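Given the coordinates of chain H, assemble chain L onto it according to the supplied hints.
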Amino acid sequence: MRHKITREVERVDARIKSRGELPYLADYEFEDRLYARVVRSRVARGTITARNTPALPEHYHYITADDIPPEGKNCVRMIQDDWPAFAEHEVRYYGEPLGLLVGPDRDTLAQLVEQFESAVEYREHEAAVTIDEGLALKGGPVHGSDNLFADLHTRKGDPEGALKRSARVIEREFRTAYQEHVYIEPQALVGTRENGMVTIYISTQCPFYVRKAVSTALGLPPDDVAVVQTATGGGFGGKENYPDVVAVPVAIAVAKIDRPIELILDRMEDLKYTSKRHPSRVRYRVGLDETERIIAVDVDMVLEAGAYESSSRVVLQRGMFSSNSVYEFPNVHVRGRAVATNNVPSDAFRGFGAPQGLFAAEMLMTQIARVIGLDELTLKQQHLLKQGSPTLTNGRIYEEVKLPEMLEHVRRVSGYDHKRAAYGLGLGRGIGISLFKHGSAFTGNGEQEIIKARVRIRKRADGRPELLVANVEIGQGVLTTFRKIVAEVLDIPYSEVVYDNHNTSQIPDSGPTCASRSVAIVGYLLQEAAKKLKGRLHEPGEFEVEQVYEHPAHLHWDAESLNGDAYPSYAWGVNCVEVEVDRVTYEVNVVGVWTAYDVGRAIDEGVIRGQIIGGAIQGLGYAGLEKLENARGRFLQHTMADYCIPTSLDYPNVDYALFDNPYPYGPFGAKGAGEVVFDGIAPAFGSAVQQAIGCEIAQLPLTPEYISERVHGTDRTVHTQRKTHTAEPQPVASSP
Amino acid sequence: MSAEWIRPRTLQEALAIRSARHVRPLAGATDLYVRYRGIAGTLPALSEAVMYIGHLNELTAISVHEHQLRIGAAAVYTDVAAHPATPGILKNAIAELGAPALRNVGTLGGNIGNASPAADAVCTLYALDAQVELASLGGARRVPIDAVITGPGQTAIAEDELITAILVPLGYDSFSFYRKVGTRRANALSKLAFAACGEVEDYTLGHLGVAIAAVGPTVIRSRELEERMRGADGRKIANLRNELIAGYLALVAPISDQRSTAQYRRWVTENLLIEFLDRCLPSNLNGPQ
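Residue numbers (the numbering used here), protein chains in the order written: chain H, 930 to 1665; chain L, 205 to 493.
If you're looking for bench data, these hints aren't it; they were derived computationally from the structure.
Predicted model only: the values in this text are computed from it and were never measured.
Keep in mind that the hints are not guaranteed to be accurate.
Computed list of chain H residues with no C-beta within reach of chain L, every gap over 12 Å [what the hints assert, rightly or not]:
1) Tyr964
2) Thr976
3) His988
4) Arg1084
5) Arg1104
6) Asp1153
7) Glu1198
8) Asp1199
9) Gly1317
10) Val1342
11) Arg1387
12) Gly1470
13) Gly1521
14) Glu1555
15) Pro1633
To give an idea of the interface, some chain L residues facing chain H are shown, with a C-beta separation under 10 Å as derived from the structure [stated by the list, open to error]:
16) Gly242
17) Tyr468
18) Asn475
Partial pick of chain H residues on the chain L-facing surface, computed with a CB cut under 8 Å [claimed, not checked]:
19) Ile945
20) Asp1036
21) Ala1039
22) Asp1195
23) Arg1196
24) Leu1484
25) Gln1566
26) Ala1570
27) Asp1571
28) Cys1573
29) Pro1575
30) Asp1579
31) Ser1637
32) His1641
For every residue, glycine included, the Cβ atom is placed at its ideal position computed from N, Cα and C.
Okay, chain H solo, but in the shape it has when bound:
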């Protein structure tokens, strides 16, 4: 029996969006608006030897690091301050901002950008653009002395000893590539001054991140900067930190020029120069005992972080903590490194490291199963986490694990058992299943130590409750789900709830819109705040209730040793993908997609369905279609014709089932759902492709080109005949 809150309602933004009536930033009018264009580096790595700044026409401005106020700082503050707003002497990646041209006419600005960029002279240095080149310190370190933004370890049991006494050691390496977000509108903002305050209208997931970055660069108290979120058509992580990178230069220009300034990246510019998903290289050494049980797992994960740190340390942690998927192994060591290169910094992307770790872990399990002659799902079931199991960080799984019944369901509706047996090996058809989980909310102590979320609900004079939170609509339905949560507590129609204030000067900081945390964390705070308001809506006048985040007492975390409960709760998933591989063209035709999820309790089935379908399609694009290659620091696919995301013809309908499993610290039992729906598609696809082509795969994306190489046996990255019991793992591979 479904809880009432799960019942689908009409999304509050459904009509305006379907009709195309929702204004995006480019639709806004600002009096006396000027336009801006970024002047960028044309080398991936070099020292600026001469700027040769050309003369400016009247009414045009060129803003550089010299225009930053003395009390400010030339940085885009994220976790670190290492990413400069404008490069001054050294450039670390192709397209790095050198300055901002501002003026009234966009055609003139386009000509000026060409003049300014081509005038700069560099002493060019050898660039490191791949994981292997970064680890090998090609051209000398980009960052520090070892090129590592982070070098982390987490350990459980005695992995070294267990590996030594293993009867068999299996090694594998997996690689994943870039992915571009392709949000609906490119990076866009208007900076202006309102009521004396620098005010930023911006397409973003995280208005308070923008405020922090802008106030730091300008040397202002945070309260002296206002940030207003405008319609954001999908973020996927791409509107998490990168908006800071475009907002800071514009804010510096506004502080100097004092006019509204609009910066909207062209789509091609956005594809070329903005952050992508971290490429990864994950190596495993797995020890099995005489009974073929896995007793030791040693993981070496490297993420390609790009030129500056951005969120790489945290993405890396989630990647590391996902590298055992949903399995309990008694002895585990995970080393994680975020390596610097001369590419645009990699950053948040739906899943935040988990897709890389889960792809590697799930493919590993399929390949171990093949080596020891066991059915994939049997091996996985032998090691499945359950309630009370220790996690690889020595935390606990507190919740009931419904994976067995979810798996049972997916096997049944997909016809997996029959198809798996009938399709044979290497005959062009395949079906695969992945199991996975995604921790809701920030990793480790992020929620209690860093974000400290705070929400308020105002009882307005007209009797309606108004939500004062920093979380924003990015297509994921939060305008509807937050209203539903509060309306359900107050027992009023959800349309009565007001939720339209997205100005940081008027709302408390409830944290960013990311990490599957909006409903799970902020929704819960709203539920608890609404309880304080219950029965008081008829009181006269206006007043507010507040709720501040408190970390559940049973959870503990040690940030130094990466030990404890990495996440307060997990969403769980089972995905099944069936494919046919064309024997002529090696193209993969996806025949069916079946999914099951435990997201605690769905706040709205329509919203969750949207997430499931969108996550699956984006996941299939990541798995097989979206190819983004980098040569000498430049992305080769920088048009929408060459960077291909799926269309509605590429994939079939997505079947889904929800398993109710209310979580005590989530609103009505809800956990996060925005990322788990992406995480597991690629390994299910990978397992299906392996069966269809009859050989192991070791990378994403599984393009027809890669599959053709595997089928012809010319791909050198897969070592199916690797020796067991080899010496220590090679720390650095320097050959490309």
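Positioned in the frame of chain H, the structure of chain L alone reads:
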């Protein structure tokens, strides 16, 4: 950026302008606007004078004369595909070309003038033995399509000429085989395309055209290899199979680019040849077995 736009009222006027000065003819603009595109919020930065010809009735008509389909150079794909006389293989290629919005404005004349080695509709025109009508004030000439396109972006069209029509012989496609390998299912550019069509009489092969796109600087077609297949029955095709495959593979010279790799294009070309020679031709030559 103010570019010079010229809009003649008649074909005659358009030809007079072409003979007098350099202008870039433009109909659907689906290639040229991509080439000229500026940043968002600005108009296309045209680097030369353009002459719009998409509205000229003389260029948009589609008609049939004596076993020949005459497609106006500026007839849009949607209209070409909808015409009852259009060969199936050309319809198939158009169905997989771009998106509906593009097919509503894009033209075969533009596809030829753009001379992309990856143009998939043009590939079927090679297989169909199409001719291109080129007109100038001095009159019109008809040139085989493979003599019009001479290299990537290069054509044999003179400065004073316009493509006025594409002439497709009818009845050359009692069987056909078309396969586009794109970057995705729809609205995709080609990694390569393979088009073949011909006639079968008394279990032997009559006229035949085989064309492969995006595996060389222009669409690949070999009259020599086709000549060896002409008159062949199923048994002879089976005997010739290996040397035909080797012959075609010797002609292709694929490159690696942002869409695919040379190796993949070569392998898939080979697979498509095998598919064509081992499956498509025998099933047409031998009939149902």
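Each hint, compared with the structure:
1. Tyr964: Non-interface label fails for Tyr964/H: nearest chain L Cβ at 8 Å, not farther than 12 Å.
2. Thr976: Answer for Thr976/H: holds, closest chain L Cβ roughly 29 Å.
3. His988: 18 Å, holds
4. Arg1084: With a cut-off of 12 Å, Arg1084/H remains clear of chain L, as the shortest Cβ separation is near 42 Å.
5. Arg1104: 17 Å, holds
6. Asp1153: 31 Å, holds
7. Glu1198: 7 Å, violated
8. Asp1199: The assertion about Asp1199/H is violated, with a minimum of 10 Å to chain L.
9. Gly1317: 45 Å, holds
10. Val1342: 25 Å, holds
11. Arg1387: 39 Å, holds
12. Gly1470: Label holds. Min Cβ-Cβ 47 Å, cutoff 12 Å.
13. Gly1521: 16 Å, holds
14. Glu1555: Since the minimum Cβ distance to chain L is about 10 Å, Glu1555/H lies within 12 Å and the statement is violated.
15. Pro1633: At about 7 Å from chain L, Pro1633/H fails to clear the 12 Å cut-off, so the statement is violated.
16. Gly242: Holds: closest Cβ of chain H sits about 6 Å from Gly242/L, inside 10 Å.
17. Tyr468: 4 Å, holds
18. Asn475: 4 Å, holds
19. Ile945: 23 Å, violated
20. Asp1036: 5 Å, holds
21. Ala1039: With a minimum Cβ separation of about 6 Å from chain L (threshold 8 Å), the hint on Ala1039/H holds.
22. Asp1195: Result: holds, 4 Å to nearest chain L Cβ.
23. Arg1196: 7 Å, holds
24. Leu1484: 44 Å, violated
25. Gln1566: For Gln1566/H, the interface hint holds, since the closest Cβ of chain L sits about 5 Å away, which is under 8 Å.
26. Ala1570: Ala1570/H check passes; min Cβ-Cβ to chain L is 6 Å, inside 8 Å.
27. Asp1571: Cβ of Asp1571/H sits 5 Å from chain L, so the hint holds.
28. Cys1573: 4 Å, holds
29. Pro1575: 7 Å, holds
30. Asp1579: 5 Å, holds
31. Ser1637: It holds, given that the least Cβ distance between Ser1637/H and chain L is near 5 Å, below 8 Å.
32. His1641: 7 Å, holds
Comparing the model with each numbered hint stated earlier shows that hints 1, 7, 8, 14, 15, 19 and 24 do not hold.
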